[in-house]
Structure formats: C-alpha cells, structure tokens
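Colleague: Take these sequences, add in the hints, and give me the full structure.
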Amino acid sequence: GIQVEQSPPDLILQEGANSTLRCNFSDSVNNLQWFHQNPWGQLINLFYIPSGTKQNGRLSATTVATERYSLLYISSSQTTDSGVYFCAVDYQLIWGAGTKLIIKP
Amino acid sequence: NAGVTQTPKFQVLKTGQSMTLQCAQDMNHNSMYWYRQDPGMGLRLIYYSASEGTTDKGEVPNGYNVSRLNKREFSLRLESAAPSQTSVYFCASSVGPLDGYTFGSGTRLTVV
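From first to last, the protein sequence lines are chains S and G. Convert by adding 528 to the 1-based position in the first sequence; the result is the number in my numbering. Convert by adding 10 to the 1-based position in the second sequence; the result is the number in my numbering.
Simulated from the structure, these hints should not be mistaken for lab results. Check each hint, because a few of them may be wrong.
To be verified - 25 angstroms max Cα-Cα, derived SDA-like pairs, lysine to any residue:
hint: 1; chain 1: S; residue 1: Lys632; chain 2: G; residue 2: Arg54
hint: 2; chain 1: G; residue 1: Lys67; chain 2: S; residue 2: Asn573
hint: 3; chain 1: G; residue 1: Lys67; chain 2: S; residue 2: Pro578
hint: 4; chain 1: S; residue 1: Lys582; chain 2: G; residue 2: Lys67
hint: 5; chain 1: G; residue 1: Lys67; chain 2: S; residue 2: Lys632
hint: 6; chain 1: S; residue 1: Lys628; chain 2: G; residue 2: Gly73
hint: 7; chain 1: S; residue 1: Lys628; chain 2: G; residue 2: Ser115
Modeller: Shown next, in the form of structure tokens:
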C-alpha cells in the first residue's frame with residue numbers, strides 16, 4: 529500500500545516564525561488533504577490539494593504530484609497554530625504520523 | 011449548522027461488553043467514515059460508506075460492525091470489546107471520496 533512520511537516529526541518555534549512541513553508519498557494519489565489536530569483533539573481540514581497550490585490566510589500548501597510530495601507553509605506563526613499537522617492521501621485517506629508543532633509566545 | 015456529531019464523547023467498557031458509537035451529519039454528504047487514532051499515530055480507517063446503502067471494510071475492521079442507517083447516520087458497533095480497542099474514534103463525512111472531509115469531535119473509549 530501507499531506509504532506516507534511526514535517531516536519533521538517535531539518542530540518548536542517562537543511566535544512570528546515561519547515554517548514548512550513536508551509530506552512524501554510513495555505512489556501517485558488522487559486525493560491529498562492536510563489537517564490540523566488542535567491540543568483538544570479536534571481535526572480541522574486545512575486543504576484539499578491533490579495538485580497545485582492553494583492559500584488560506586497565513587497558510588498555504590503546494591502539492592507536486594509528479595514528484596510525490598506536498599508542502600504546508602505556515603507564516604507568522606501564532607500560539608493557536610500549535611498542534612499536530614497531518615497529511616492524508618488517496619481514497620478513504622491513508623495518514624502520515626504527523627508533525628507536532630509547538631509555538632512558544 | 012452542527013456538521014458531524016458523535017456520541018458519546020467518553021466511554022469506559024469492561025472487556026466483553028458491547029456498545030454502539032453514533033454519528034450523524036447534517037451536510038447532506040454522501041460518504042461517511044469511521045477511524046481510530048492510537049497515541050502518537052495518524053488515523054486508521056475501520057469502515058466506510060461511500061453512499062447510502064453501502065458499507066466496506068477499511069484497514070482495521072476486525073472486531074467492529076457498522077450500519078448506514080440513512081444518509082445522515084452511520085453507527086459503529088463493538089460486539090465484544092477488547093483492551094486493544096482502547097482508542098479515540100472519529101467519524102467523518104464528505105460529499106464524495108475525493109472531496110474534503112469533515113470530522114466529528116471524537117469518542118474516547120477505554121476498555122478495561
């Protein structure tokens with residue numbers, strides 16, 4: 529089956545910093561989504577992005593399907609950005625292990 | 011607009027007991043899903059329903075059954091709970107399998 533790897537596993541930043549999270553996948557996919565799981569466990573869909581680039585406020589994402597990776601950019605980080613960011617791919621979603629992001633005030 | 015509603019939020023079961031987790035969505039989505047999340051890991055698919063009247067196994071279906079009661083509701087049943095089923099369970103829905111997913115707030119289940 530498809531393997532999904534996310535990096536880095538952990539990231540600690542000061543408020544205001546920028547960050548890039550990476551998602552590599554082992555085969556071509558028809559579906560790629562980024563999620564944020566906040567410290568209370570709630571999962572929020574950030575982007576549905578099987579290819580191309582999308583932006584939503586301080587967050588943007590790029591998927592290069594031919595090279596089998598996706599990047600999530602967070603600019604001007606805020607403490608509320610803390611949590612775990614997951615990449616999930618393909619039908620019914622296969623999930624990576626996530627990147628745990630901690631933003632310090 | 012409630013989105014995806016799961017009940018209960020917390021549950022403790024004894025080994026061998028049964029229970030049903032309920033999920034309802036009010037977004038007129040066709041597809042619904044049940045996942046489990048173990049500590050420090052991503053989610054794993056238990057069962058899904060691509061459309062009303064259909065259900066299919068996911069990655070980890072053993073020990074579970076599901077019912078797509080109607081377009082809005084998709085329930086997950088544990089017939090004989092085991093400690094290995096201690097986990098957080100999430101229900102999700104989407105217009106179709108290639109559309110953005112909306113998740114419920116989760117059910118934290120402990121089997122002792």
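Colleague: Evaluate each hint against the coordinates.
Modeller: Hints and how they fare:
1. Only pairs whose Cα atoms come within 25 angstroms are accepted, and Lys632/S paired with Arg54/G is rejected, the gap being roughly 30 angstroms.
2. Restraint check: the Cα-Cα separation between Lys67/G and Asn573/S comes to about 23 angstroms, which is no more than 25 angstroms; the hinted pair holds.
3. A distance of roughly 24 angstroms separates the Cα atoms of Lys67/G and Pro578/S; the hinted pair therefore holds under the 25 angstroms criterion.
4. At roughly 32 angstroms between alpha-carbon atoms, Lys582/S and Lys67/G are farther apart than 25 angstroms, so this suggested pair is violated.
5. Between Lys67/G and Lys632/S the CA atoms are separated by roughly 41 angstroms; this puts the pair beyond 25 angstroms, and the hint is violated.
6. Distance check on the hinted pair: Lys628/S and Gly73/G sit about 30 angstroms apart at the alpha-carbon level, beyond 25 angstroms; violated.
7. At roughly 19 angstroms between alpha-carbon atoms, Lys628/S and Ser115/G fall within 25 angstroms of each other, so this suggested pair holds.
In summary, the numbered hints that this structure violates are 1, 4, 5 and 6.
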